Amino acid sequence: MALKINTPLTVPKNKQKTYEKNYEIATRGTGRMMMFAGDQKVEHLNNDFVGKNIPAEVADPEHYFKIASQAHIGAFATQIGLISRYGRDYPNIPYIIKINSKTNLMTERFQDPFSNRWLPMRLINDFKEKSGLNIVGVGYTVYIGSSFEADMFGQAARIIYKAHRQGLISVIWMYPRGKAVKDRDEKNDIHLLAGGAGVGLTLGTDFVKIHYPYDLPGQNEVAKQFREVTTAAGRTKVICVGGSKKSPKKYLKLLSDQIKISGAQGNATGRNIYQRPLEESIRMANAISAVSLYDYSVEDAYKIYTGEKKLKK
Amino acid sequence: MALKINTPLTVPKNKQKTYEKNYEIATRGTGRMMMFAGDQKVEHLNNDFVGKNIPAEVADPEHYFKIASQAHIGAFATQIGLISRYGRDYPNIPYIIKINSKTNLMTERFQDPFSNRWLPMRLINDFKEKSGLNIVGVGYTVYIGSSFEADMFGQAARIIYKAHRQGLISVIWMYPRGKAVKDRDEKNDIHLLAGGAGVGLTLGTDFVKIHYPYDLPGQNEVAKQFREVTTAAGRTKVICVGGSKKSPKKYLKLLSDQIKISGAQGNATGRNIYQRPLEESIRMANAISAVSLYDYSVEDAYKIYTGEKKLKK
Amino acid sequence: MALKINTPLTVPKNKQKTYEKNYEIATRGTGRMMMFAGDQKVEHLNNDFVGKNIPAEVADPEHYFKIASQAHIGAFATQIGLISRYGRDYPNIPYIIKINSKTNLMTERFQDPFSNRWLPMRLINDFKEKSGLNIVGVGYTVYIGSSFEADMFGQAARIIYKAHRQGLISVIWMYPRGKAVKDRDEKNDIHLLAGGAGVGLTLGTDFVKIHYPYDLPGQNEVAKQFREVTTAAGRTKVICVGGSKKSPKKYLKLLSDQIKISGAQGNATGRNIYQRPLEESIRMANAISAVSLYDYSVEDAYKIYTGEKKLKK
Amino acid sequence: MALKINTPLTVPKNKQKTYEKNYEIATRGTGRMMMFAGDQKVEHLNNDFVGKNIPAEVADPEHYFKIASQAHIGAFATQIGLISRYGRDYPNIPYIIKINSKTNLMTERFQDPFSNRWLPMRLINDFKEKSGLNIVGVGYTVYIGSSFEADMFGQAARIIYKAHRQGLISVIWMYPRGKAVKDRDEKNDIHLLAGGAGVGLTLGTDFVKIHYPYDLPGQNEVAKQFREVTTAAGRTKVICVGGSKKSPKKYLKLLSDQIKISGAQGNATGRNIYQRPLEESIRMANAISAVSLYDYSVEDAYKIYTGEKKLKK
Amino acid sequence: MALKINTPLTVPKNKQKTYEKNYEIATRGTGRMMMFAGDQKVEHLNNDFVGKNIPAEVADPEHYFKIASQAHIGAFATQIGLISRYGRDYPNIPYIIKINSKTNLMTERFQDPFSNRWLPMRLINDFKEKSGLNIVGVGYTVYIGSSFEADMFGQAARIIYKAHRQGLISVIWMYPRGKAVKDRDEKNDIHLLAGGAGVGLTLGTDFVKIHYPYDLPGQNEVAKQFREVTTAAGRTKVICVGGSKKSPKKYLKLLSDQIKISGAQGNATGRNIYQRPLEESIRMANAISAVSLYDYSVEDAYKIYTGEKKLKK
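Chains as they are written, first to last, in numbering that gives the first Met the number 0: chain A, 0 to 312; chain B, 0 to 312; chain C, 0 to 312; chain D, 0 to 312; chain E, 0 to 312.
Think of the hints as simulated: they come from the structure by calculation, not from any bench. None of the values given here were measured: they were computed from a predicted structure. Watch out, some of these pointers could steer you wrong.
For chains that are exact copies, the list does not tell them apart, and a pair is met inside one copy or across any two.
Stated by the list, open to error - In silico PhoX-like pairs for lysine-lysine, Cα to Cα no more than 25 Å straight-line: (1) LYS249 <-> LYS16; (2) LYS259 <-> LYS312; (3) LYS65 <-> LYS14; (4) LYS308 <-> LYS101; (5) LYS308 <-> LYS127; (6) LYS20 <-> LYS248; (7) LYS181 <-> LYS101; (8) LYS244 <-> LYS223; (9) LYS3 <-> LYS129; (10) LYS259 <-> LYS161; (11) LYS223 <-> LYS51; (12) LYS127 <-> LYS178; (13) LYS248 <-> LYS308; (14) LYS65 <-> LYS3; (15) LYS308 <-> LYS223; (16) LYS3 <-> LYS16; (17) LYS248 <-> LYS259; (18) LYS129 <-> LYS16; (19) LYS161 <-> LYS101.
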């Protein structure tokens, strides 16, 4: 059965084919996206790449690309610099250019977070055209509640509009943040997360990346409550942040619940994939895709992770 | 009798027909506008869409569109993302694109409100042209008194000018807000509200959306005092904010007074319409139009709400 | 005797005729300007339009236009919205578009004043051309001493330059304001006012609108001391703010002194004209012009106000 | 002997002749510049123009132009408004347009100084071309150490680049200022002044205007120490601020030392020239040029001031 | 053996030859860069150029150029003003234009550092073309952790993109700075430095200039730990800041360790070269190149410094 895509009207007629093709690539024809998230070298500096329990090979930025090129993922999201420096050797990866990023050095005690656009869409399109890479979309972070929310709303709206105008898909990282929300549990407050998901829809993004309340007790009930989030997002699809590394089986179970119970349409995973040796990273990515894209059972997906099974689409 | 439109001179000659057509559509040929206000997914996050006394179907963003397409409204005002994602299925709705929006997370204790333009008019016009949707106008919020008032005045003035230049109508949400007005009852201070209405006129907007002092005692006297507001607005037409959900009969009475006593030229209603099951929402919207556009008595309009009568224009 | 105009060199040769014509219109061929100031709907919200001692008809914004069209004035200065909505019915008024405005809600306790440009000169010129109205110039407020002085200097300098480039005349409202000047009597400190007048000259404006020290004792001496202000302005002409409503005879005497003793080249009057019934407003405006433009004695001008005499130019 | 000009490479080949001509005019063919500084009407408001010991004629802004047109100066630096209003009557003065200025009202207790660009170079060039005036260069103030230093560096660098691109010369007023330097004696700290002079060179300006430590004891030794400043400036030429009015002989001696001992390449004098009756102002200006441009002895220059001698080039 | 250059995909095909040529020049065909860093006249004002132990000739800005033109360096990095004023006499130096700079006057007690772009790449390219100089690249400083980080990320990303688009190479000075990092030892915290190096890669720069932890004890172990930094940078090459003047032999040893142990790809040296008499400066620069580019032993390189040996490539 062919994938049914609800192309937004911000995609002009002459770019509809391009958009549908990019959408199909990023979702592997399933309508769901397994996004390999790789913007941590700015967001977390070197914290995610060296340390105990992190294999030495993770420290090499090429580790990202080896995984992304060999594993079964939807798209690899990272900053332009990494893409421009490794892309020539990894031309087959579907890329999502993460257009803004900030370090974790500034704390909210001093200043609310602002993640500024690095390049205008004009240059993103220029890069796509001249590099010949398989760039399928763009990503952008919005911190709702921040004193810079207004700036990010303007940038996000324009980026989504112009991405669609070129037939690219868009992903918005949508996080409540800043001194005004510091009294709320911004990663676990489902009602608040639902609000953010709805904002993603009003901006017109294809996918909105949302925190999942991993820390709440009663995860089965949580998965049901999280339907508020995917409902609020309407025709914008919700993909959940993977967050810090968890045990593989537990993580696959969580993803499965997100898909089957919560109504998520994929996931966005970084550390849970790449903080492992290459082969294990690849198997983990494939296991995630098994659950997220092809409705594998958690047990079967786990066997893909352990190498007992292969992913078949 | 044909509608007499006082076309502002910011509408150039070659766009006068377009403007008049949009004006006629948005006002159903009556000169008054029943605007279905649907920007709450940003302004109030998910607060208006889930909760006790709110039917489950309200949580689906498509609820907006079902109502807007089936009820007798003037125009549906919402953000571009919603329009771009549902518009293909709801091509007959007259749309007003709400160009700026902010969440309710930031409080005035930390920072005065700034609702930033999301897209320049150039892209709004691009969208109108390429989408083929029935976009009749644009909306924009100004917070007078805020420390960002200057920014919003600049954006609002340019948006109105450029909207008119393309034959679109404009609606300004005009609210006093911020630490400088915190000692005044900003939703009930009629003299202050009148000031805001007058500012709408100086900006050149067609309609200005104003709080109505629902909380003051002696509503009949209030309705008379509110004439200060509509008088101050001069040739700009005042439409009042519906606010939180009220009992249907009471709300229809309030609207009727706004029209017949206060001189309002329509209304802007959101929650009082959509926080109901679909059929009831539609009937409520029709009842509102009966009162606002066609001078129905409150009793007759209420019968439309209850289903005892049909709206006849 | 023909009016001698000292055309600034910012007016290019091919716009010199246009500039001279606008200058002649605005000054009624006298070289002095009686500017009917009408930007209060933003600056003072509705305070100037309703209240005791203010006739009911003043509340209607059209009151402005009735006066401006029937009285003998130089030009009527107001915001674009008012002009675009009433201009079609009042095409003969010479208009000065007030390009920036702010409300009086924000207090200096919280933030220094910033009055932001509403429209770029490109759109002002577009409006002039397309509307066909008799727009003779532009107005802009600068608050020297404010923490936003730098922004306003940039905007003012560009507006004046571009106005002249199109043959329009310019008026700068020049007021010391903000926390840095709060210890000075900013409306009565003649040396400070003279500084502001000089700044108007350095910006290149045709007219600079300055507070007059109405509250100081010994007004005859004050009028002489005020020569410091008109001297500092050099070839830029000073017109004084009328301020709050005064008794007609007293106001005419003050204006006469401003012209005959202080060296003012006209005046800028709002409330002293329009806070009266229409006919009285018109007579008052004519009386003001008699004193300001045609050197009538105070007594004769007062008779124009009372209706005993007619204005003859 | 022809003047040897070290034309910077920011001057393109086709503008080299224009640049050299402007350089020659501004330096009277000597390579040194006697700049008549006239931006005080903004910087000091009316303080420099009225007061005891200031002749009445100084209050008229035309006083500037009378001096500049009759005295032997290199160039007259002032704001565009003054030039555009008096330039038609004084077409022979070589003008330097001072592009930014601020009043002295804001104090550093509240906010660091920011002197904002008034007009972009595009309009400066437009003015030069259309006015036909003898505009030889542009001036701009940078406050190093201010919290707005970053803004001024950007503006200054672009102004110098674009001035050179049109063949105009540039002068940077370079002053350490703001809360970060309040503990240093910013007008007398030679090492700090040398730093500023070096910054002028890095920006690429032709001339940098620097405070001279007039208040330090042991002026002969000071003049020697000041060589640190002119050395740090390298191929950018240092001209010293004249500052408040001093006795003529003393001032001429100071200038002579600046030239002969410190290595200054001219001077920038305002109040020491114009706070005198016209004839005396002219003689003082000529005396200053005698010392600064033609190496007259202080005694001979003083005789020019007293009228006993004439300036011969 | 020909140099293998990993050209980033931000370099378009038609500029690849230009880029490779510039890369080859700047690295002397070795792939490593010995960058003579000369932006101190802004960053440190005159502190580095006069003082005890600093020879008098260092105070002359031309000292920079004499060294750069006679020593064996990769490229000389400095501001446009210096290049435009001395470049005509030193046309053979390969230049890197340092595009932003700030003085050291503002302290973090008052405000976090912001180093603002001085000229847009459009003008840099204009200068390169019109001057005919051998400009091989651009430099830009980013202060991660500063409250202005967002601004600098945007500027840096655009500058790198546009530099590559013209075939120029890029160097990012990457320093953690500001109140948010004041509790960390920002010049010696290797994990933090590694984070910065990784950020350089995400921005896509060719070289990233990083502090080296000179102050830590156990320098041999430090050199090994520093591999975290060069690893984090991936295909972006790390060059270390030279910092304050050290004894020549010690400095050469440190550089040798950076290359041989830490994986640095060159160095960026300023004061350790130029705070010496010309001939000694040249020999020191050559000794540095010997170690950094040609793998000389520290002993042999030291003999180049002392004049006992000549540098042979």
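>> My question is about LYS308 and LYS101: at a cut-off of 25 Å on alpha-carbon distance, are they close within one copy, between copies, both, or neither?
In response: Classified as neither; 39 Å inside a copy, 48 Å across copies.
> What label fits LYS248 with LYS259 when the C-alpha limit is 25 Å: within, between, both, or neither?
Replying inline: within (16 Å within a copy, 43 Å between copies)
>> Cα distance capped at 25 Å. Does LYS248 pair with LYS308 within a copy, between copies, both, or neither?
In response: Classified as within; 15 Å inside a copy, 60 Å across copies.
> Should LYS181 paired with LYS101 be assigned to within, between, both, or neither, using CA atoms and 25 Å as the limit?
Replying inline: Classified as both: same-chain Cα gap 19 Å, cross-chain 18 Å, threshold 25 Å.
>> At most 25 Å between alpha carbons: which applies to LYS259 and LYS161, within, between, both or neither?
In response: For LYS259 and LYS161, the Cα distance exceeds 25 Å both inside one copy (33 Å) and across copies (46 Å).
> Between LYS3 and LYS16, at a C-alpha cutoff of 25 Å, which is it: within one copy, between copies, both, or neither?
Replying inline: For LYS3 and LYS16, only the intra-copy Cα distance (13 Å) is at most 25 Å; the inter-copy one is 39 Å.
>> Checking an output row: LYS20 and LYS248, CA cutoff 25 Å. Within, between, both or neither?
In response: Close neither inside one copy (33 Å) nor across copies (52 Å); limit 25 Å.
>> Within, between, both or neither: how does the pair LYS308, LYS223 come out at a Cα-Cα threshold of 25 Å?
In response: neither (30 Å within a copy, 41 Å between copies)
> Is it within a copy, between copies, both, or neither that the alpha carbon of LYS3 lies no farther than 25 Å from that of LYS129?
Replying inline: Classified as between: cross-chain Cα gap 22 Å, same-chain 30 Å, threshold 25 Å.
> When no copy is specified for LYS308 and LYS127, does a C-alpha distance of 25 Å or less occur within a copy, between copies, both, or neither?
Replying inline: neither (36 Å within a copy, 51 Å between copies)
> How would you label the pair LYS244, LYS223 (within, between, both, or neither) given a Cα cut-off of 25 Å?
Replying inline: The answer is within: 23 Å in one copy meets 25 Å, while 28 Å across copies does not.
>> Reference check for the pair LYS161 and LYS101, CA-CA at most 25 Å: within, between, both, or neither?
In response: Result: close both inside a copy and across copies, 22 Å intra and 21 Å inter.
In terms of the numbered hints stated before, the structure departs from hints 1, 3, 4, 5, 6, 10, 12, 15, listed from lowest to highest.
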